[in-house]
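Starting from the known structure of chain A, arrange chain B on it as the hints suggest.
For the record, the sequence lines run as chains A and B. For the first sequence, this note's numbering puts the final residue at 1364, and the numbers step up evenly by one. For the second sequence, this note's numbering puts the final residue at 1364, and the numbers step up evenly by one.
Hints in this document: simulated from the structure, not taken from any laboratory. Take the hints with a grain of salt, since some may be wrong.
Identical copies look the same in the list; a pair holds intra-copy or inter-copy alike.
Listed next, the in silico SDA-like pairs over lysine to any residue satisfying Cα-Cα at most 20 Å (straight line) [what the hints assert, rightly or not]:
#1 K1315 <-> R1236
#2 K1358 <-> I1325
#3 K1065 <-> E1076
#4 K1214 <-> W1363
#5 K1225 <-> H1310
#6 K1081 <-> L1334
#7 K1234 <-> V1309
#8 K1293 <-> Q1102
#9 K1082 <-> M1341
#10 K1217 <-> F1262
#11 K1217 <-> Q1254
There are 2 protein chains.
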Amino acid sequence: MSYLTAMSSVRLFKSLPALTIRAKNGTSKASIRSGRQRTRPFSNSSQHMGPTSGHALHGFSGLSTSGTALSLPLIGLAACVILTLIPGNSPAMEAPSIAERDALAKRESGVTDSSPMRLRMEAFIKENQQKIVAELEKVDGKKFLQDTWQRPAGGGGITCVLQDGNVFEKAGVNTSVVYGSLGRGAIAKMRVNHPALDPDVESMEFFAAGISMVLHPHNPMAPTVHLNYRYFETAGPDGKTNAWWFGGGCDLTPAYLFDEDAIHFHKTIKDACDKHDKNYYPRFKKWCDEYFNNKHRGGESRGIGGIFFDDLDEQEKDQEQLFAFAQDCLGSFLPGYIPIIEKRKDMPYTEHEKAWQQLRRGRYVEFNLVHDRGTKFGLETPGARIESILMSLPLTARWQYMHEPEKGSREERLLSILKSPKEWV
Amino acid sequence: MSYLTAMSSVRLFKSLPALTIRAKNGTSKASIRSGRQRTRPFSNSSQHMGPTSGHALHGFSGLSTSGTALSLPLIGLAACVILTLIPGNSPAMEAPSIAERDALAKRESGVTDSSPMRLRMEAFIKENQQKIVAELEKVDGKKFLQDTWQRPAGGGGITCVLQDGNVFEKAGVNTSVVYGSLGRGAIAKMRVNHPALDPDVESMEFFAAGISMVLHPHNPMAPTVHLNYRYFETAGPDGKTNAWWFGGGCDLTPAYLFDEDAIHFHKTIKDACDKHDKNYYPRFKKWCDEYFNNKHRGGESRGIGGIFFDDLDEQEKDQEQLFAFAQDCLGSFLPGYIPIIEKRKDMPYTEHEKAWQQLRRGRYVEFNLVHDRGTKFGLETPGARIESILMSLPLTARWQYMHEPEKGSREERLLSILKSPKEWV
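With the rest of the complex left out, here is chain A:
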């Protein structure tokens, strides 16, 4: 599934980029390792943003600075920049980037509860990716293919794909970690939601880490599921955290609706939310219904929802509380989905039911290509890794002229619920 889809969000993409990766075929690692190479914070986009051979990161180029070297107006402000001046090297001044700081911190003391949130989030999503992949492999019986990539300027990710499995037609579980820089325009747009962002800089380092997943099962009785949790942070020239926020969500897309599945899925998410704030579930459930909607189909939801949130920062709760919330949300995925897939994966089905699933997959394609802000952003980004962006698309889909479900059928009931989302718990 797409790192851009992964990063999709109502507000994030008004202003913000998404993560995409350039995974390698096979599992070999890139030869240039992060933290071993000096980078210039605020340097040009071709260094920070552009594709590099075989294992680059994409998706942020629209936000990179247009300058070509150091952002001079910043120098006087940033003690650490001045401290790291390298005489005789022009453009000579290099401060350690947050990527370098993080790499050093990891080498020196590993990742602990007192590490910067960047490192804790990275460790958390990678650990959960492996846990989820292991559980899904148990369900499917086939192994995921894993592509690991690193990027020269810092960061990297893991793409896990299972295509044509026993249970899953197409399944992707991806993580990515990105260090880059934002230009003035992007900063101005982000300030709308995040006043902590310093408006008086030409450019700014950022960090983004996310896990993102789409599972399309073969059996039309088994629902498609999408999940994404992400953390975003900007750094001042001193390398200190400037603004930060969490976003994410998880939603279910059945072709045949089993009320007990919908209730179980929503209840599991609600329980995770309720531990943190009783308002979260109703608020983020509504946000989810509003976002994953095929407006061009007369306001038809993509699926039966779940939760969706973005831009949760210090205006919402403190960083520890929000991290704990994101952790519990992600933690609720396996107990929310595994019982459903186990119950449905081997159910008998007819050709007619398979065809209906294919039509619903067509709607999934429509949402992702027409409305999903992350996908759209990715497709418009030159050099983006299209195979990662479009991993969210199903293996097969169908469009039939003037298809209408029979009166009183299960198909018709699903459509009516998609037109007017239901409260499940």
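Chain B only, in chain A's frame:
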């Protein structure tokens, strides 16, 4: 296929809408007939543009005037408006719309070579639609389903669909005729390409007529084909033609490339072009290659092209010459495509080849949903008839992670030609 796709064009959609229809299920005609009903030129959008029960026209609402009654600033300018003042009826002044003029002219003297171009184009596309449908039915052996619709304010169309035929997986041949009004914003944008447009009016009547077609055959050896020819006109308050232009084109999308087919297809179109202007074929072939391109796939053409043109007006050639050109282009479709489909429709093929066709169909979906301006405009138009817009999508499509054709295979050769379009004649 989509009336919006039909109307798609590089420049048209910078400024201009496309035609969509709201076809009825079945073949019944709308009960309100054009020309029997008084309409108010320059009246509000809900009358001119919005959906009406069961048989409305869509797709132009973004361009309608926002006023709610007559556009008063125009009254003093338009003799015919003053002549048709109806005392005591407020808003009282009704001039015959071009829809009414045309309906009257048709009733009184039919359509002849001296009729307005609007009527000649309408007659021409409808005649050719029936001719094409008849030929395709001979090829397929199954009948098209025909939906006829009319719209209250004037105009209408015919939707011909063949789904799951013997030869065609999905085939649509549609015509539509639209009378509507343009607002100041739309007029200003159109003036960029058409200086004849009067800049000093609040709104303006327009007419648009087009034929549009997409055929997706079952057999992977048989290519998909798309065609669209259209005529657009605006009228001054006196009902006289203000600006007018032709647009259109035809292009081929094979999954397996037979050079002889590509040469035959291009040669037939080139011959039609050459009769009118030796520069047309090279110019419009290039335009086609540029427009039907999946930029997000690293600049991969949708197919092997054909021609594409738009905004051909008096700056190009006179109206008669351009109409003759559009006629010859449309006339070249059957001799261009029928020999190809006859040769390929029953060729043996493997499962592997069918799967490759399905992947190419996925690319077709990507182009139409992500890039086609007509489709995009249609999807953004509230109340647009989605089934007509998305008729251009294939019945089935496929997305496979990291699919790469074998070295030296026919699939690989096709891809290399799509990346760098070839001169076929």
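For each hint, the structure was consulted:
1. For a Cα distance limit of 20 Å, the shortest separation of K1315 from R1236 qualifies both inside one copy, at 18 Å, and across copies, at 13 Å.
2. Proximity of K1358 and I1325 under a CA criterion of 20 Å is satisfied inter-copy only: 15 Å between copies versus 31 Å inside one chain copy.
3. Taking identical chains as interchangeable, the C-alpha atoms of K1065 and E1076 lie at most 20 Å apart only when both belong to the same chain, with a minimum of 16 Å there against 57 Å between chains.
4. Only within a single protomer do K1214 and W1363 lie at most 20 Å apart by alpha-carbon distance; the minimum there is 18 Å, versus 66 Å between protomers.
5. Only within a single protomer do K1225 and H1310 lie at most 20 Å apart by alpha-carbon distance; the minimum there is 17 Å, versus 30 Å between protomers.
6. Only within a single protomer do K1081 and L1334 lie at most 20 Å apart by alpha-carbon distance; the minimum there is 17 Å, versus 30 Å between protomers.
7. When the C-alpha separation of K1234 and V1309 is checked against a cutoff of 20 Å, the pair qualifies both within a copy, at 10 Å, and between copies, at 15 Å.
8. In this homomeric assembly, K1293 and Q1102 come within 20 Å of each other (Cα to Cα) both inside a single copy, at 18 Å, and across copies, at 18 Å.
9. For the identical chains of this complex, K1082 and M1341 are inter-copy neighbours only, at 17 Å across copies versus 39 Å inside a copy, given an alpha-carbon limit of 20 Å.
10. In this homomeric assembly, K1217 and F1262 come within 20 Å of each other (Cα to Cα) only inside a single copy, at 17 Å, whereas the closest approach across copies is 67 Å.
11. In this assembly of identical chains, K1217 and Q1254 lie within 20 Å of each other by CA distance solely inside one copy; the values are 17 Å within and 66 Å between copies.
Hint compliance for this structure: every hint is met.
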